[in-house]
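Could you build the full structure based on these sequences and the hints that come with them?
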Amino acid sequence: MKKLINNPKDIVNELIDGYAAAHSDIVKRVEGYTITARKDIPVKDRVAIVTGGGSGHEPLFEEYVGKGMADAAAHGQIFASPSSAIILEAIKAVDGGKGVLLVYCNYAGDVLNFDMAQEMAIDEGHRVDQVRINDDVSSGPKDRREGRRGTTAAPIILKIAGAAAEAGLDFDSLKKIIQKAVDNSRSLGVSLSACTLPETGLATFSLEDGKMEFGMGLHGEAGIKKVDLLSADDTTITILDLIIQDLPFNSGDEVVALINSYGSTTKMEMYLIAGKLHSYLRGKQIKILSTEIGEFCTSQEMAGISITLFKLDAELKKYYEMPCFAPGFRK
Amino acid sequence: MKGNLDIKDFKRIMQSINNTIQDNRIVLCQLDSIIGDGDHGVTMAKGLEAAVEKLEIDNPSSISGLLKTAGNAITMTIGGVSGPIFGTFFSEMGKAIDASKESVDLKDLAAMFRVSLEKIMRLGGAKPGDKTMVDALEPAVKDIEISSTSTVDIKTAMESMAKAAKKGAESTKDMISLKGKSSYSGERSLGYEDAGANTVYFILSAFYEAV
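Chains as they are written, first to last, in our numbering: chain A, 1 to 331; chain R, 1001 to 1211.
Quick caveat, the hints were computed from the structure, so don't treat them as lab data. Backbone N, C-alpha and C define an ideal beta-carbon position, used for all residues, glycine too. Treat the hints with care, since some could be wrong.
Stated by the list, open to error - Within a straight-line C-alpha distance of at most 25 Å, the following computed PhoX-like cross-link-like pairs (lysine-lysine) qualify: (1) A:Lys276 x A:Lys225; (2) A:Lys180 x A:Lys142; (3) R:Lys1155 x R:Lys1173; (4) A:Lys317 x A:Lys331; (5) R:Lys1119 x R:Lys1068; (6) A:Lys9 x R:Lys1054; (7) R:Lys1095 x R:Lys1008; (8) R:Lys1008 x R:Lys1107; (9) R:Lys1142 x R:Lys1002; (10) A:Lys44 x A:Lys9; (11) R:Lys1179 x A:Lys225; (12) R:Lys1173 x A:Lys225; (13) A:Lys226 x R:Lys1173; (14) A:Lys142 x R:Lys1142; (15) R:Lys1054 x R:Lys1011; (16) A:Lys226 x R:Lys1119; (17) A:Lys287 x A:Lys311; (18) A:Lys226 x A:Lys39.
Said to hold, decoys possible - Going by beta-carbon spacing under 8 Å, a handful of chain A positions derived as facing chain R: (19) Ser84; (20) Ala85; (21) Ala108; (22) Gly109; (23) Met120; (24) Leu197; (25) Glu199; (26) Leu202; (27) Gly220; (28) Leu247.
Okay, structure coming up:
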């Protein structure tokens, strides 16, 4: 797979510098670290939000930094969680005196490093706690949701977290509402081809022609069910059925629907999916407040999509509709 | 026939470990790509390179300091799961001995490895049988503990330890992964060795070669 890169070892550094240059009106790089942040950190008089995880999923996490979303993001190497040292630095950079909430996706590496950073920050006198995102229905049973992976609900969760933080919620209330947002999110993806790591050129997985795989992770790790390629409509229905019964989403619910490309799936395909999604949810009397379509959490050039449904209540809807100014999400 | 290792030995051992990991980075990536996300070799290579660079800069004067410096460099540099786990592997060995200790014998080594293994199991939550690096390290540590009750020299003990790690790594083939990214593969992780377990083998065999 041909990619436009320079020295593979410098990818993360260069990508962060490029991103900071492109969006220098809103964000900056924290000098010497693979951390992107709002230009105006530390923001005083409110709890700060730190997110982060492996690189290679752009626009996740860089583009979800800004007013109304995260204060800063700590970035690891491609598909690897950032080290605790980087996360700790991000915590120190954003803490305006009201503490920091870490909001990140549930993966073994991220948990290890964010936990370590949280401990170190608390030792240094910061108030820190965390909420893990675990929206992926394919990676664990319903009764053990805390083991599930965090995937494409991330931008929605960060939007809610950022809006509520901006509105001045206190530490405990903020943590509660972020957890509620996580609890109200369900996602599932399907992959049509694996991706390649820029450093090695190796494909992370192999998928035969004519096959698709449900439950692929964001890192090209193998999924749980491989089937013959379905139509766009059948794919959409399969995913929605699994998501709907998992929460469950009921008739009368209002949702945000997010359709995410993993990297090489076209808008053309996603609009076909959007059409079926709309008619299918209408048939179930599930109202859609807004449909977000695009690249949110990619896996290099993996082909495939994921769908996230986010159930709104009055409180979550209020925060979802608040303005935000992040490169990946402007409202 | 060496009965003790001093700081010069450990410097040489770290270089040997770094060289071996660099040489095997693609092999480790390939193992990791079948049931993981394919970056393990590259990650470990980056970590070990950072470790030897930091040792060059800081030039620690004690074995304890050397191992802690190497371990911290790995943890700080590579993140992921490998960073904390393999960083802890070295730094816990360093914490197990006093900074004033100028040489370690086989009994000391066995104790250091044991402390390191216990901490890794607590940190990552993996038990033997979960298909992780613990499945290579645990039998390896048991092996050196047995050696330490005899009169063998360190090189012989390390050769045996590395062999035990290799067997442990090979045994992961028949396990279903319960930890990390490969755990999402479920039963499809059967039939493939764990990359981290192989890294343990490479580290220990490089250790043996450098003694």
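Structure versus earlier hints - violations, ascending order: 3, 10, 14, 16, 18, 23, 28
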